[in-house]
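A.B. asks: Take these sequences, add in the hints, and give me the full structure.
For the protein sequence lines, the chains are A and B, in the order given. Reading the first sequence from the start, the letters are residues 1 to 169 in our numbering. Reading the second sequence from the start, the letters are residues 170 to 340 in our numbering.
Any given hint might turn out to be false.
What the hints assert, rightly or not - Each pair of labels, with its calculated beta carbon distance range:
(1) Glu28(A) x Arg314(B): 42 to 52 Å
(2) Lys73(A) x Arg304(B): 25 to 35 Å
(3) Glu305(B) x Lys5(A): 21 to 31 Å
Stated by the list, open to error - Below, simulated DSS-like cross-link-like pairs (lysine-lysine); rule was C-alpha separation at most 25 Å, straight line:
(4) Lys5(A) x Lys299(B)
(5) Lys321(B) x Lys73(A)
(6) Lys16(A) x Lys245(B)
(7) Lys143(A) x Lys299(B)
(8) Lys161(A) x Lys142(A)
(9) Lys245(B) x Lys73(A)
(10) Lys5(A) x Lys321(B)
(11) Lys90(A) x Lys73(A)
Treat the hints as calculated values from the structure; they're not laboratory data. For every residue, glycine included, the Cβ atom is placed at its ideal position computed from N, Cα and C.
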Amino acid sequence: MVCKKEPIDREQVIAKYLSRSLDSEAVEEFEGHYLGCDECFEELRLSERMANDLKASNLAWNQTGGVSVLRFKANAELTHSAQDLDALRKEVLEQSDSRVIIDLSRVTRIDSAGLGQLMSCYSHLVKNRGALKMMNPAPEIKKLLDMTGLSTLIPTFHDEKEAVSSFTN
Amino acid sequence: MDLNEPSLDRLRLKLRYKVLYHVGHNCADVDDLVQESLTRFLRAEQRQQIRNTEEFGAFLNGVCRNVILEYRRRIKREPTIDPDIPIPDAGVRPDAEIFEMRDAIDNGLKELAERDRSILRSLYLEGREKEEICREWGMSDAQFRVVLFRAKERFRRVYGPELKRNSGSEH
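C.D. replies: Here's what the structure looks like:
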């Protein structure tokens, strides 16, 4: 039983559960345990928040001309298994500004999950009477956005000035 | 088994966590899956089908797993692509609350040394083994424990009250 273990071993189980690196049998065992154990569930939620904040620390917001610009501080991947994807979704969906530009300059890879998540962000912002735009994609990312037609739905610009002024035009 | 209203709310919160883990945030049927799991569990409890009430978590987990499996099979059989299905909203928190929280988190993260941040990233985000991390950073078990629990305590101070208030819309 996980809470009978050394705290550090329990933390290892939690960390692996959160990063989805536990095998299915261990997932079953841990879930069966925390459904009946308040203490382990609280530790799990706390660790999840901590992990999310570590992920989000790769993201930074700044305001330019009344528009919120979201940037990655280090290289990021928007792929199914990447932590940055979840952080991006949370950042965009949990904030209240509805005019957002995502700076893709540090995004090195996007897959279908990443494209889907950008679509979710777009739908969320449009639903809140705002708009999503993107800027500075690397050539290979730009090619993918064009190929999938996403760049026709979410306008994509070469620089920040152009992207910000598009909100007023 | 004492299943009063607060303990049912607690079970609902935990089930929601599990369901979200398996079906993802974009699933519009999360609440239905949680409710179905809870209903089946309560029915079994009323019929005294739970043999070992001490370990009801494992029983509830099995019920919820079946509900998710049945849901996946149904979705596979009848894929529903309805453009009118709303994308679940994460809920927008008031600005002041977000900024206050971000400040607290930023301060918390700033207080951590770069090495500590890297260690926590390796553990929580990359799912690496404790032994491997200790080897990489040339640290003992005890030092690893200090890094881990010092960071967690810091987050507990920031998030403890919020997690108690929050009925679990996040995950």
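A.B. asks: Hint by hint, note whether the structure agrees.
C.D. replies: For each hint, the structure was consulted:
no.	hint	in the structure
1	Glu28(A) x Arg314(B): 42 to 52 Å	28 Å, violated
2	Lys73(A) x Arg304(B): 25 to 35 Å	28 Å, holds
3	Glu305(B) x Lys5(A): 21 to 31 Å	23 Å, holds
4	Lys5(A) x Lys299(B)	15 Å, holds
5	Lys321(B) x Lys73(A)	24 Å, holds
6	Lys16(A) x Lys245(B)	29 Å, violated
7	Lys143(A) x Lys299(B)	40 Å, violated
8	Lys161(A) x Lys142(A)	18 Å, holds
9	Lys245(B) x Lys73(A)	39 Å, violated
10	Lys5(A) x Lys321(B)	18 Å, holds
11	Lys90(A) x Lys73(A)	16 Å, holds
Violation of the numbered hints given earlier is confined to hints 1, 6, 7, 9; the remaining hints are satisfied by the structure.
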